[in-house]
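The listed protein sequences correspond, in order, to chains A, B, C and D.
Reading the first sequence from the start, the letters are residues 489 to 825 in my numbering.
Reading the second sequence from the start, the letters are residues 489 to 825 in my numbering.
Reading the third sequence from the start, the letters are residues 489 to 825 in my numbering.
Reading the fourth sequence from the start, the letters are residues 489 to 825 in my numbering.
The hints are simulated quantities; they were obtained by calculation from the structure and are not laboratory data.
Predicted, not measured: the structure shown is a model, and the values here were computed from it.
Careful, some of the hints might be misleading.
If chains are identical, the list can't say which one is meant, so a pair holds when it fits in one copy or spans any two.
Said to hold, decoys possible - With a straight-line cut-off of 20 Å between C-alpha atoms, the simulated EDC-like cross-links for lysine to aspartate or glutamate are: (1) Lys558 x Glu494; (2) Lys687 x Glu703; (3) Lys582 x Glu813; (4) Lys748 x Glu549; (5) Lys748 x Asp540; (6) Lys572 x Glu664; (7) Lys510 x Asp790; (8) Lys690 x Asp643; (9) Lys748 x Glu494; (10) Lys748 x Asp545; (11) Lys748 x Asp766; (12) Lys687 x Glu715; (13) Lys748 x Glu731; (14) Lys574 x Glu808; (15) Lys510 x Glu715; (16) Lys510 x Glu632; (17) Lys607 x Asp790.
There are 4 protein chains.
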Amino acid sequence: MVVVMESHATEAQIESVIARLKELGFSTHRSTGVTRTVIGAIGDKTGLDERDLQVMDGVHEVVRISEPYKLVSRTFRSESTVIKIKGVEIGGEKVVVMAGPCSVESRDQIMAIAECVSKAGATVLRGGAFKPRSSPYSFQGMGEEGLRLLREAADRFGMLVVTEVMDRSQIPLITEYTDIFQTGARNMQNFNLLRDLGKARKPVFLKRGMAATIEEWLMAAEYVMSEGNHQVMLCERGIRTFETYTRNTLDISAIPVVHKLSHLPVIADPSHGTGIRDKVLPMARAAVAAGADGVMIEVHNDPPHALSDGAQALLPEQFEELMRELRIIVPALNRTI
Amino acid sequence: MVVVMESHATEAQIESVIARLKELGFSTHRSTGVTRTVIGAIGDKTGLDERDLQVMDGVHEVVRISEPYKLVSRTFRSESTVIKIKGVEIGGEKVVVMAGPCSVESRDQIMAIAECVSKAGATVLRGGAFKPRSSPYSFQGMGEEGLRLLREAADRFGMLVVTEVMDRSQIPLITEYTDIFQTGARNMQNFNLLRDLGKARKPVFLKRGMAATIEEWLMAAEYVMSEGNHQVMLCERGIRTFETYTRNTLDISAIPVVHKLSHLPVIADPSHGTGIRDKVLPMARAAVAAGADGVMIEVHNDPPHALSDGAQALLPEQFEELMRELRIIVPALNRTI
Amino acid sequence: MVVVMESHATEAQIESVIARLKELGFSTHRSTGVTRTVIGAIGDKTGLDERDLQVMDGVHEVVRISEPYKLVSRTFRSESTVIKIKGVEIGGEKVVVMAGPCSVESRDQIMAIAECVSKAGATVLRGGAFKPRSSPYSFQGMGEEGLRLLREAADRFGMLVVTEVMDRSQIPLITEYTDIFQTGARNMQNFNLLRDLGKARKPVFLKRGMAATIEEWLMAAEYVMSEGNHQVMLCERGIRTFETYTRNTLDISAIPVVHKLSHLPVIADPSHGTGIRDKVLPMARAAVAAGADGVMIEVHNDPPHALSDGAQALLPEQFEELMRELRIIVPALNRTI
Amino acid sequence: MVVVMESHATEAQIESVIARLKELGFSTHRSTGVTRTVIGAIGDKTGLDERDLQVMDGVHEVVRISEPYKLVSRTFRSESTVIKIKGVEIGGEKVVVMAGPCSVESRDQIMAIAECVSKAGATVLRGGAFKPRSSPYSFQGMGEEGLRLLREAADRFGMLVVTEVMDRSQIPLITEYTDIFQTGARNMQNFNLLRDLGKARKPVFLKRGMAATIEEWLMAAEYVMSEGNHQVMLCERGIRTFETYTRNTLDISAIPVVHKLSHLPVIADPSHGTGIRDKVLPMARAAVAAGADGVMIEVHNDPPHALSDGAQALLPEQFEELMRELRIIVPALNRTI
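Bound-form chain A, shown alone (with noise of 0.2 Å):
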């Protein structure tokens, strides 16, 4: 940390700053610029608000010189973490392919979508139980029941679940029909269900909020591997802009720059990154073309009539048409699908 120094603090103020950085356990470097005196701060402080220092008189700027976050940094961990899931990779030179619809509504629907699916290359099957609703008038889900029968149709065809944990009290339950937890970007600061996960046995796939920054992502996957769960894939899946014509805007350039900063695996959904069927062509391209190690995809057999997000739902043959435009793309990339 640097602490710098208006160019008319007093001596006092400088002694000041010095002596409370000391009281916090930093040793300090002092350092005469031709305009200000600039404090080094030598230490590690993880837990530290700056603000701290930064309100204390004579000071111009507090300067944080290292990540908040450890163990999800490159710096803690070089190689790429691959996550293993009865025989399926994350973040391995395979791209993933997670699909299947926005909601479990019928033994039926899961079934007709997990096949074609399935069939078309996808390894893992996704389905919402429990949904996370703006209106309150909304349809919240199936419950139990559409676990099971997303776990039945998984099993079918030989593929893994991951399904959608919105509170803390849900895990013992979702825990016996999932592969892998799902988290929302509502979700994304429930630090409780956070460190719940973080004592799970199982991958959490951990979608980032829709106006976090990258940093306040990495941060909430520290709070699961704080707590010894390190298989954690980071999910990008659109963040708010002025625009309005898509529901959100799908950043691509998360994908390269968490690659750089952390060595979690990195997913894309254009499903919710869009939120419009014809537009989710083109983005899970582009975010394969980008480096995504997998993206996540909605699917439905019969869009006009889901019960939640139709319109951003590809129709079987539009997914079956995206399988083949990624499979010209990614050896651009040096991987397979």
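Starting from the known structure of chain A, fit chains B, C and D onto it as the hints suggest.
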């Protein structure tokens, strides 16, 4: 709802949209303009996702013409809600001042602060016992012991208690100690929590999410009210903007906007809204001048050694100065304090 | 346009709105719903400010149902515009690559770079002679000498020239040297400049403003086209978001969105869109995979000593690598490069 | 400036950075922490692009420790600037009120409005003669005739004139009529215009760009001042946020922030800052309560028939009411009006 067709939409496409609207329970009205056909849809379908129509062939745009909320709206209830708790009225003629430390840290601390803010005119004591922190390595609150101390201090000085509930599992415990449940910005769309607070018997102090629109904030209040608890007050606590000098940008204009759209009281939190002590006074004055029904102010007797958010806490004498200034301002709004 | 009345609007208020709409030249249609009266207004009033109706007594909301632009719209012209300049087609089947340094710095520099990018497959040479810089103390460009050198280099290697015009007063000078006028993000709403470019005889390369919506960007193109110049290409160059790791966030989803709304070609600029060299390759691949009609790439033979934006310039060998990767990707879109 | 190396940076990489810093004219100081080497760079290099160092091998982060501006800073000049024009002081003890129509529309209109606002206490008359409009099909202003009428009305009632200059070519004409040059939000980074205003002899009223950070806004003022014109006042007029209910979000907190960073006066424009008449009063009160040195208010004698922005214009009686309210508030800040 109005469905605007493309200028080149075919008759078959128009009829298909009309058929779909009828299937959804709307009555329809078709009108043909200079360049486009427009279909008006009459009926009450709060849970509908407009995108389901938007993706139909030939549709140019779908425009919702009513708000997605009901109970929070001035259309539903035209007179302003006044919440009465043990003789304190929130939303009435008097501007309510809530004050206290970020976290309860010790008996001495909370007693000293409660005494000071009570003498200066605050009627509600704030203080956190469970703290949502962006780093897993930061102070997380005193837990139940903090709640006990907070209650004791409030009772000693004849104040109400407001404190944060982070998780639905904490409701039974916190309900024993608090007068008002506070929900944090990061939990604004924790729908399970909102629903359970809707079943609780005490008022809810609902902070706006840091990237939430006003409509989303009102929808969160709708979640609480739809379960039967109509005692909701809304708290503007700063939104995220591109500006990094302040921690957040206190959205003062949300105050008159919410007052127009809803009958619920609006409180401003300039402490979190700015994150910097010397910005709290001007922004508290501004909030009251804009018509806020109250302010929530962080005060600490020893900010440099506060365990959380010391940088934004007022010193006792600054709080007294603020009260003096607010007393000058409120007559401009025909209010008292 | 649709005017939605408050549920408690009086008959007099409704009639007053209808009278005002007629005064403004609209024909009207009144329909009465369950809770509200809705007034449809038919007529073409592009310059109208909807807020004039919004503030009338009893009005709940005013909804525009047509875009404010005409000439840029696919409704106006359904087939995609292909701009042809000396044998190069922009917006056609072939993906166009524009490359060169941020600033022209010397004859040797521009010659070396032009040779390298031309050999690798670029057909348009970029380079700045007048530089808009956020600090008045930074390098401001070589001026006319830079234009002369840029033209010479382009001619030597059979390339087109694209260069920025900062001010309407520069148009006569720059028109002597360039094939395409580039306008900068900060000038997207410099309406006098746009108008004068609309009277010029050469194509315009219109960068999106860093906080502009797609609609505002299209309105800027409308300014140019409304003066008679229909040769406009749109350049996505990154928008401002809360993320600070990258300089801007390249909005890849704008590419398919603009292609749906408008017939104009769309180019992506991943160099400004990220601001960091090692993010340019993945984002250029993503842009092309999403359907961009071209990319603009900054390349420098000695980036550490570049006078501007060296940090985002590709090295010649990186540019060659990018071209190899793009050649793998384009068949997925049935295009060539 | 501080260059933070990666924890695994090699000695050669560290030395290479030090060599580069020396080449750039800095003296350096190396310090070795627990996990990282940090290099302090001492020297004054205002025009440097930190990214040039950021992309060097082994560099983790580059941190600027001084502002990029000088002349606008309180470090450069600690006492507040008071701009004196014909007996009116801007930035002094008295809060200045600027008022008038959006556009000058006729002699009768401007005379009537000038009389009303002058009687109520305004000392500066605003009015546009050249209007930047987002649609090419909207009213674009009366041009020189508008300037002439504005001057005549101001002289008649003993007021100053402030009016917008859209383009550097308009400076000679407008200088004949105005007392203060206003620059619009969309021109905040029109660097050629700023530079030319820096050579003009009259004060500049510099509106903040709608997505500009405070630092960028101050850099725009630095452009003007670096050419010799130190009479700059800053106008907060609303920033773009996700909220769509108001046209912009007036950033009240910018007022105390700018007062801390700079010695220049700050004016608020709640008319453009909200875009809706009934939000102007509360936001004007808030701006003054937060410490603004003045407010600019749009007033119209017949808003429904205004040629631009009628929806945000106050009626004469509302303006008088606002003046009454502000007179109650200003003593809380030890000011007069």
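A quick look at each hint next to the structure:
1. Lys558 x Glu494: Classified as between: cross-chain Cα gap 14 Å, same-chain 31 Å, threshold 20 Å.
2. Lys687 x Glu703: Neither way: Lys687 and Glu703 sit 22 Å apart in one copy and 36 Å across, limit 20 Å.
3. Lys582 x Glu813: Both. Shortest intra-copy (15 Å) and inter-copy (18 Å) distances satisfy the 20 Å Cα cut-off.
4. Lys748 x Glu549: Classified as between: cross-chain Cα gap 13 Å, same-chain 28 Å, threshold 20 Å.
5. Lys748 x Asp540: between (31 Å within a copy, 18 Å between copies)
6. Lys572 x Glu664: Within one copy only: 19 Å inside, 46 Å across.
7. Lys510 x Asp790: For Lys510 and Asp790, the Cα distance is within 20 Å only across copies (18 Å; inside one copy 65 Å).
8. Lys690 x Asp643: within (17 Å within a copy, 46 Å between copies)
9. Lys748 x Glu494: between (35 Å within a copy, 12 Å between copies)
10. Lys748 x Asp545: For Lys748 and Asp545, only the inter-copy Cα distance (13 Å) is at most 20 Å; the intra-copy one is 38 Å.
11. Lys748 x Asp766: between (31 Å within a copy, 10 Å between copies)
12. Lys687 x Glu715: Classified as within: same-chain Cα gap 6 Å, cross-chain 32 Å, threshold 20 Å.
13. Lys748 x Glu731: between (27 Å within a copy, 15 Å between copies)
14. Lys574 x Glu808: So Lys574 and Glu808 fail the 20 Å test inside a copy (24 Å) and across (40 Å) alike.
15. Lys510 x Glu715: neither (30 Å within a copy, 45 Å between copies)
16. Lys510 x Glu632: This pair counts as neither: shortest intra-copy Cα distance 55 Å, inter-copy 33 Å.
17. Lys607 x Asp790: Cα proximity of Lys607 and Asp790: one copy only (18 Å, versus 50 Å across).
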